[in-house]
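**Student:** Listed below, chain by chain, are the residues.
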Amino acid sequence: MAISDTLAFLNTDEFGVTCQIGAGASFVGILDSPMEVLAGGMALSREYLLYAKTSDVSATVRGTAITVDSVSYTVRENRPVDDGLFSELLLSKV
Amino acid sequence: MADTRRELILARIKTNLDSISGATVYRSRVEPLARGEVPAVIVEPVNDQPVDTNFFNKLDWTLRVRITTLVRAAIPDDDSDTYTQQVHAKLMADQTVNGYALDLTPDRTDFSLYEADVPLGIISQDFLVRYRTSRTSLTTA
Numbered sequence: 001m002a003i004s005d006t007l008a009f010l011n012t013d014e015f016g017v018t019c020q021i022g023a024g025a026s027f028v029g030i031l032d033s034p035m036e037v038l039a040g041g042m043a044l045s046r047e048y049l050l051y052a053k054t055s056d057v058s059a060t061v062r063g064t065a066i067t068v069d070s071v072s073y074t075v076r077e078n079r080p081v082d083d084g085l086f087s088e089l090l091l092s093k094v
Numbered sequence: 001m002a003d004t005r006r007e008l009i010l011a012r013i014k015t016n017l018d019s020i021s022g023a024t025v026y027r028s029r030v031e032p033l034a035r036g037e038v039p040a041v042i043v044e045p046v047n048d049q050p051v052d053t054n055f056f057n058k059l060d061w062t063l064r065v066r067i068t069t070l071v072r073a074a075i076p077d078d079d080s081d082t083y084t085q086q087v088h089a090k091l092m093a094d095q096t097v098n099g100y101a102l103d104l105t106p107d108r109t110d111f112s113l114y115e116a117d118v119p120l121g122i123i124s125q126d127f128l129v130r131y132r133t134s135r136t137s138l139t140t141a
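Listed in order, the protein sequences are those of chains A and B.
For the first sequence, our numbering begins at 1 and goes up steadily by one.
For the second sequence, our numbering begins at 1 and goes up steadily by one.
Excised from the complex, chain B in its bound form (with noise of 0.2 Å):
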């Protein structure tokens, strides 16, 4: 069976993060990480909303897709400011992501720091896709 156009989006944001350099980016990783690994981001989907367009047989969605980013480090949202904006960079030079899209937009971006052994910090940076269907197949254009 062919990947959703939801699928192809998402796949396409994990490898367009893929060249960001000095972190490990994982899809969707549900796995806690160890301070041995990180720096580190991970793409995955939060929610995706339809609505009708003016075209009666097309659906257009809005997909939330949240990036982010754990560090470990003396002051976690200083040293996460490089990767936060490796992901910012990359995702705007491809608005259309390879096509599947209507656009891409950032959305909000949350910071979450943690006493640890060596502070945490966690920061999500969501973007929301937009992208249309088929009203009758989540494959198709």
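One chain only, chain A, in its complex shape (with noise of 0.2 Å):
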């Protein structure tokens, strides 16, 4: 993805939400939250996922916490996506 298109993909007017890791500065993500089916079907877990610029949550680790949309959260993984402009960050709901 072009460097000039992650400031319009990331864009509170659409799907963008504000996030901020502890007291550092704020940043915008996506938050897509998919239910997923467990153990054969014997239980249910809503996945958090935010995707954000690297650059903005590369200080995150598991624990960190986030709030995201003035939810609270804590970070489970950090995974770079494709080229690695973008992060995914998989958190759990406090």
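Simulated from the structure, these hints should not be mistaken for laboratory data.
Model, not experiment: these values are computed from the prediction.
Worth double-checking, as some hints may not be accurate.
Covered by chain A, per the in silico footprint, the following chain B stretches (three or more residues, Cβ under 8 Å) [claimed, not checked]:
(1) 32-39
(2) 116-123
Away from chain B, derived, C-beta distances all over 10 Å, residues of chain A [as the list claims (entries may be wrong)]:
(3) Val17
(4) Val37
(5) Glu47
(6) Ser55
(7) Val71
(8) Pro80
(9) Asp83
From the three backbone atoms N, C-alpha and C, an ideal C-beta is built for every residue, glycine too.
Put the two chains together into one complex; each comes in its own frame, and the hints tell you how they fit.
**Tutor:** Quick look at the structure:
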């Protein structure tokens, strides 16, 4: 993805939401929350996946507190996507 | 039609477990449980095997009953401990299952842990229930 497109992609007028790591600067990410079926259909888990620019979330590790659209989460995993311009944070709702 | 001895046993086990504190007890629930629905305990039959007895008109059955505890916690097996010990205590306090069974014995316990929004633990405790029926009717002993 061209670097010039990233700000258009992360736009609070579209699907973007305001995020903040601890007391750090706010940034925009896109939160998806698909429902997954676990253990052969015994349980459901709502996953929380935040897409953001890697430069905004590179400091996050397992356990880092993060606020997404005024809701508190902790980071489970930080995974770069494709060329690494974006990262996907797997979150747990607090 | 009257219930079979097997059904009476399963229903009684569910009744005995209903008083578990802190968890909801289900009979043979097949729908997935969401995060807000656990801790949960599910009672379900696994199999039921007859053998001949020394009495020509009787069958002795071994019913495998599975009690599955679902929890969501950072250390699910630790969190489940309070429920699995209640399951054991409540079933062993009524080993004849209200007089429907000859005896009830704990069998294997299995642990399955899964990554999820909050980690999921599924702990299953199997119990073997021996009971007797008429050779010709499942409803009479």
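**Student:** Now look at each hint and say whether the structure bears it out.
**Tutor:** Status of each hint after checking the structure:
1. 32-39: holds (count 5)
2. 116-123: holds (count 5)
3. Val17: holds, 18 Å
4. Val37: Label violated. Min Cβ-Cβ 6 Å, cutoff 10 Å.
5. Glu47: violated, 6 Å
6. Ser55: holds, 26 Å
7. Val71: Given a closest Cβ separation of 13 Å, the condition holds.
8. Pro80: It holds; Pro80 (chain A) is separated from chain B by about 19 Å at its closest Cβ, greater than 10 Å.
9. Asp83: Holds, since 26 Å exceeds 10 Å.
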